[in-house]
Structures are given as structure tokens and as C-alpha cells.
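Keeping their order, the protein sequence lines are chains A and B. To convert, count from 1 in the first sequence and add 1; that's the numbering used here. To convert, count from 1 in the second sequence and add 114; that's the numbering used here.
FYI, nobody ran anything at the bench for these hints, they're computed from the structure. Each hint should be verified, as a subset may be incorrect.
Label pairs and their computed distance ranges (CB to CB) [claimed, not checked]:
no. : chain 1 : residue 1 : chain 2 : residue 2 : range
1   : B       : 194       : A       : 27        : 34 to 42 Å
2   : B       : 122       : A       : 72        : 43 to 51 Å
3   : A       : 11        : B       : 128       : 29 to 37 Å
4   : B       : 144       : A       : 48        : 46 to 54 Å
5   : A       : 81        : B       : 131       : 21 to 29 Å
6   : A       : 115       : B       : 190       : 44 to 52 Å
7   : A       : 82        : B       : 134       : 40 to 48 Å
8   : A       : 68        : B       : 127       : 39 to 47 Å
9   : A       : 68        : B       : 194       : 43 to 51 Å
10  : A       : 110       : B       : 195       : 24 to 32 Å
11  : B       : 167       : A       : 115       : 22 to 30 Å
12  : B       : 184       : A       : 9         : 26 to 34 Å
13  : A       : 110       : B       : 117       : 21 to 29 Å
For every residue, glycine included, the Cβ atom is placed at its ideal position computed from N, Cα and C.
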Amino acid sequence: AQTVTQSQPEMSVQEAETVTLSCTYDTSESNYYLFWYKQPPSRQMILVIRQEAYKQQNATENRFSVNFQKAAKSFSLKISDSQLGDTAMYFCAFMKQKPNTGNQFYFGTGTSLTVIP
Amino acid sequence: GAGVSQTPSNKVTEKGKYVELRCDPISGHTALYWYRQSLGQGPEFLIYFQGTGAADDSGLPNDRFFAVRPEGSVSTLKIQRTERGDSAVYLCASSWTSGGATDTQYFGPGTRLTVL
């Protein structure tokens, strides 16, 4: 079974500073995908960034980047130049590709991030 | 529509009642997923549709839960004889296909179900 662990229930960061959210996962799969989703109070889950496990290069999307350590099964999210709009719950997710029955997602319990003005 | 929509936004019901939750996926998306998100938790998989058929319903907690997608677009999650433990946010997500390496799931805003 796949498990995703986010050990930081709550975090805060000063506006314009950098913050890193941690995520570890456990799997026996060799090919999988990892995601960070943002869930603001509106409840809408928004994709932040995605990483393919077979790629060694860390994914980057503007102010968001990941540190993917496959051997350690670690997938942290770094937010640079934090903005007030980054305040939200952040979920780390693991996706196992299942061509016949649908890709299966497993989510962590989330980290509540507050950006302080 | 531009994104996944879900109705109602909030639903309050009494224990033992029947409820239906609706999901409108992004136009053209053939894959549709239902998740349940309890307070303080991440979403948990319930059921997956590819087209009109439920390809994987292994996440449904018991036979009180049922979902349909008769025309391969809109889906309805149905809960019979609701219990207080069913209170949660029910999220729907869709993607172009499923099983593909580049499939990204796009989520709706969810329906918050409260069973009194």
C-alpha cells in the first residue's frame, strides 16, 4: 500500500520569504508521479506542481520548486517570495499509474500554510 | 464549462435520509473521480469512472454509497440512510483520460455534507 506523510500540520512564513513544506511517501512502485496541490478556503484543489519519478531533474513552476529525493522517498515543496495568496492548505499526493482501472491518487493529511504580511 | 462544478455547495440532512451529490466534469474529460475529505484529512478515493462505467469502486465504504454516470459526463454520488459519520466534503475530479502518464486531475470545489 502507498502512504503519504506530511509531518508539518501548520507552518507560517513572512511575506516575501521562502518556506519549505515536507512530504515523504512509501511505495514499492518504481514508476509513479508526485504532486503538490493547494486548497484555499474556497475548497478548490489547485495543482501547484508535478514530478515524474523517472526524471532526476526537479520540477519548477515559477516561484514553486521541488526537491525530489527518490532514494529517500522525499518530495518537498519550496515556495519562494511568498505571497499572501499562497495562504492555503497544501497536500502532497502520490499517483500510481493503472492503465486499466484508472490512476490512483493517495494524499497526505496536508500542511496549513499562513503567509504573514 | 471552464472547470469542474459540483452542486450543491453545501448540504445539510438528517440521519437516515437519502442524498444526491452532483458533479459536472470539464467538457471532454472521460475520466471522473469521487473523493471524500474528512475534517483535517486529505482526500480519500471513492470511485472512478471511465466513460459511463465504474472501472474502480474499491474506495466506496459500504453499500449505502453508489454513483452513476449514465451518459459519460455528469455523475451523481448517492448516499442512502445517511449516518453522522458520512459528514465530510465530497470532491469530484476529472481528467482527459486515465491511466495515461500525463493525466492530471482537475478538482471541483466540493460539496460539504453535514448529517445531523
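Here is what the structure says about each hint:
Remark: the range hint 34 to 42 Å for residue 194(B) to residue 27(A) is upheld by a beta-carbon distance near 35 Å. The hinted window of 43 to 51 Å between residue 122(B) and residue 72(A) holds, with their beta carbons roughly 46 Å apart. Checked against the hint of 29 to 37 Å, the pair residue 11(A) and residue 128(B) passes, with Cβ atoms roughly 34 Å apart. Checking the proposed 46 to 54 Å range against residue 144(B) and residue 48(A) shows it is violated: the Cβ atoms sit about 19 Å from each other.
For residue 81(A) and residue 131(B), the hinted distance range of 21 to 29 Å is not satisfied, since their beta carbons lie about 48 Å from each other. The hinted range of 44 to 52 Å is not satisfied by residue 115(A) and residue 190(B), whose Cβ atoms lie roughly 36 Å apart. At about 44 Å, the CB distance of residue 82(A) to residue 134(B) agrees with the hint of 40 to 48 Å. Distance hint for residue 68(A) and residue 127(B): a CB-CB separation of about 44 Å, consistent with the stated range 39 to 47 Å.
A beta carbon spacing of about 46 Å between residue 68(A) and residue 194(B) agrees with the range 43 to 51 Å that was offered as a hint. Between residue 110(A) and residue 195(B) the Cβ separation comes to about 29 Å, which falls inside the hinted range of 24 to 32 Å. Between residue 167(B) and residue 115(A) the beta carbon distance is about 43 Å. The supplied range of 22 to 30 Å is therefore violated. Taking the beta carbon of each, residue 184(B) and residue 9(A) are about 43 Å apart, not inside 26 to 34 Å as hinted.
At about 25 Å, the beta-carbon gap between residue 110(A) and residue 117(B) stays in the expected band of 21 to 29 Å.
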